[in-house]
Amino acid sequence: MCDAPNPEQDVMPKRRRFDRSKTCIRCKSSPGQIVAQHSVYCSACLQHQTLTKFRRALDASLGLASVSQYDQPKPTRSALIPITAGIESPVLFNMLEADCFSRPTSPHKPLSKRQQIWVGYYLAYIELAAIDGTRKDRSEEVKTRLTAISSNVILLRLEDAFDPKWWDAVHGQIPDELFKLDGAFPWRDTTEAPVTRLRQFIQSLPTPSGVAYVISQLSRVLLLYTAKRLDCSHILFGDTMTSLSVSLITSIASGDGFHIASDREEQWGSVRIIRPLRDLMAKECAAYYYWNGLRSLCPPEMPRAESGIAKVTKDFIVGLDRDFPSTVNAIARTCAKVTPKQEAEGLCQLCERPTPSEANSWKAMSSATKATRSTQTLCYACRTALSSRGTRSSEKTSDKILAPTWAAERGIAEFFLDD
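According to my numbering, the sequence shown is numbered sequentially starting from 1.
Simulated from the structure, these hints should not be mistaken for laboratory data.
All C-beta atoms in this analysis are idealised placements derived from N, C-alpha and C, irrespective of residue type, glycine included.
Don't take each hint at face value.
Stated by the list, open to error - The calculated SDA-like cross-link candidates involving lysine to any residue, where the alpha carbons are at most 25 Å apart (straight line), are:
1. Lys314 x Lys28
2. Lys143 x Val221
3. Lys113 x Ser270
4. Lys74 x Val221
5. Lys143 x Asp168
6. Lys228 x Asp163
7. Lys165 x Ser219
8. Lys228 x Ala60
9. Lys143 x Ala129
10. Lys113 x Gln267
11. Lys109 x Tyr121
12. Lys28 x Ala44
13. Lys74 x Ala44
14. Lys53 x Ile260
15. Lys283 x Ser43
16. Lys109 x Pro31
17. Lys165 x Pro194
18. Lys341 x Lys228
19. Lys136 x Pro299
20. Lys136 x Lys109
21. Lys53 x Lys341
22. Lys337 x Leu294
23. Lys143 x Gly133
24. Lys143 x Lys109
25. Lys113 x Gln47
Said to hold, decoys possible - Simulated restraints, written as ranges between beta carbons of each label pair:
26. Leu347 x Asp59: 39 to 47 Å
27. Lys22 x Arg135: 39 to 47 Å
28. Pro75 x Pro299: 29 to 37 Å
29. Pro75 x Arg26: 15 to 23 Å
30. Lys22 x Arg229: 19 to 27 Å
31. Asn152 x Leu111: 31 to 39 Å
32. Lys228 x Glu97: 42 to 50 Å
33. Val312 x Gln203: 38 to 46 Å
34. Lys228 x Arg26: 40 to 48 Å
35. Arg389 x Asn292: 31 to 39 Å
36. Gly120 x Asp59: 42 to 50 Å
37. Glu301 x His38: 52 to 60 Å
38. Ile149 x Glu301: 18 to 26 Å
Just need the whole structure built from these sequences, with the hints factored in.
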């Protein structure tokens, strides 16, 4: 007779979620305190590895890998560090302050090559309370926290993108005309406040994904012009590998694959955007934040309901980071090797990034709307964000749709779809 199979023998053994030993994989002596990318580390070894990854990424972005500290030219410009809610900003600032902005205690000790990059730094914070009127204005509280650690604090507001005074300060001139939905009208004739212009612009966007995309691009361009006015050579974002992977996949899903390289590093005139934490997982960054007793530089915000492509992508990447951290590493490193096949022609009016040469032809094949003169000056992602049809309700309080100040000279209002 045939015996019944034993089900216990067919069960696959459960895979352990950590390395073979509970001892630190680096020092081989201390007990492990955290599991990072399937390996066990003690506190000291993980912090050392975190700093090593930060320095390696910073040196690669600044071209310091093959430069001696004695051959480094004297610094003449500063750095701009955007401050956001979360743990990334305090971690980045802590590392930069220790490696780049501190000075030797002994006058006879020479400066390291990282201490000779910038003459100083600015901390910049962008207030988003004016987007819909439901957010709490935290600018004064943030200013109090930032002034406690630095005297060079820059407070910006998202509505500055529609403020002639801000544009006058950073650019020195104001466009003569600004396009509206039915035509052009003089910029100086409008009496609407920048907050009103911002909300009209946001309310005219057809999809939640478009709203998130436009807010990120407005914030980015505000920082670029601010860095240019302050004579800053670099803007240092605190994006980790996890958040960078979310941004990369979101860009591809939103039709912005041409600018994947810009999501990692970007050169805008004399200003360069770099991300020194791009090789750190979110878990490593959180452990460094906890073990060093750091404090958030921005007060926490009440949780808000998120929607759109960015929310779906974030949930997916965070799940991968929790269960399969090596996959997130593969996403970031694979996207770093991707280069655009097409050549760029001109700059996009809204995001001021290079526009692919065939963006309009691709959009024409997938859009029912006819391209206009202004549509030729937007990249594929910005045009999609402004003109895609969606289910988001838009309440137009005025027929005047004002473009940001840097796009006002030619206008982008005719992109918006009529209700």
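Here is what the structure says about each hint:
no.: 1; hint: Lys314 x Lys28; in the structure: 35 Å, violated
no.: 2; hint: Lys143 x Val221; in the structure: 21 Å, holds
no.: 3; hint: Lys113 x Ser270; in the structure: 21 Å, holds
no.: 4; hint: Lys74 x Val221; in the structure: 28 Å, violated
no.: 5; hint: Lys143 x Asp168; in the structure: 24 Å, holds
no.: 6; hint: Lys228 x Asp163; in the structure: 18 Å, holds
no.: 7; hint: Lys165 x Ser219; in the structure: 17 Å, holds
no.: 8; hint: Lys228 x Ala60; in the structure: 23 Å, holds
no.: 9; hint: Lys143 x Ala129; in the structure: 15 Å, holds
no.: 10; hint: Lys113 x Gln267; in the structure: 22 Å, holds
no.: 11; hint: Lys109 x Tyr121; in the structure: 22 Å, holds
no.: 12; hint: Lys28 x Ala44; in the structure: 12 Å, holds
no.: 13; hint: Lys74 x Ala44; in the structure: 34 Å, violated
no.: 14; hint: Lys53 x Ile260; in the structure: 22 Å, holds
no.: 15; hint: Lys283 x Ser43; in the structure: 13 Å, holds
no.: 16; hint: Lys109 x Pro31; in the structure: 36 Å, violated
no.: 17; hint: Lys165 x Pro194; in the structure: 10 Å, holds
no.: 18; hint: Lys341 x Lys228; in the structure: 30 Å, violated
no.: 19; hint: Lys136 x Pro299; in the structure: 11 Å, holds
no.: 20; hint: Lys136 x Lys109; in the structure: 47 Å, violated
no.: 21; hint: Lys53 x Lys341; in the structure: 30 Å, violated
no.: 22; hint: Lys337 x Leu294; in the structure: 34 Å, violated
no.: 23; hint: Lys143 x Gly133; in the structure: 20 Å, holds
no.: 24; hint: Lys143 x Lys109; in the structure: 35 Å, violated
no.: 25; hint: Lys113 x Gln47; in the structure: 22 Å, holds
no.: 26; hint: Leu347 x Asp59: 39 to 47 Å; in the structure: 30 Å, violated
no.: 27; hint: Lys22 x Arg135: 39 to 47 Å; in the structure: 45 Å, holds
no.: 28; hint: Pro75 x Pro299: 29 to 37 Å; in the structure: 33 Å, holds
no.: 29; hint: Pro75 x Arg26: 15 to 23 Å; in the structure: 34 Å, violated
no.: 30; hint: Lys22 x Arg229: 19 to 27 Å; in the structure: 53 Å, violated
no.: 31; hint: Asn152 x Leu111: 31 to 39 Å; in the structure: 20 Å, violated
no.: 32; hint: Lys228 x Glu97: 42 to 50 Å; in the structure: 24 Å, violated
no.: 33; hint: Val312 x Gln203: 38 to 46 Å; in the structure: 23 Å, violated
no.: 34; hint: Lys228 x Arg26: 40 to 48 Å; in the structure: 43 Å, holds
no.: 35; hint: Arg389 x Asn292: 31 to 39 Å; in the structure: 48 Å, violated
no.: 36; hint: Gly120 x Asp59: 42 to 50 Å; in the structure: 20 Å, violated
no.: 37; hint: Glu301 x His38: 52 to 60 Å; in the structure: 33 Å, violated
no.: 38; hint: Ile149 x Glu301: 18 to 26 Å; in the structure: 20 Å, holds
When the structure is compared with the earlier hints, violations turn up for hints 1, 4, 13, 16, 18, 20, 21, 22, 24, 26, 29, 30, 31, 32, 33, 35, 36 and 37 and for no others.
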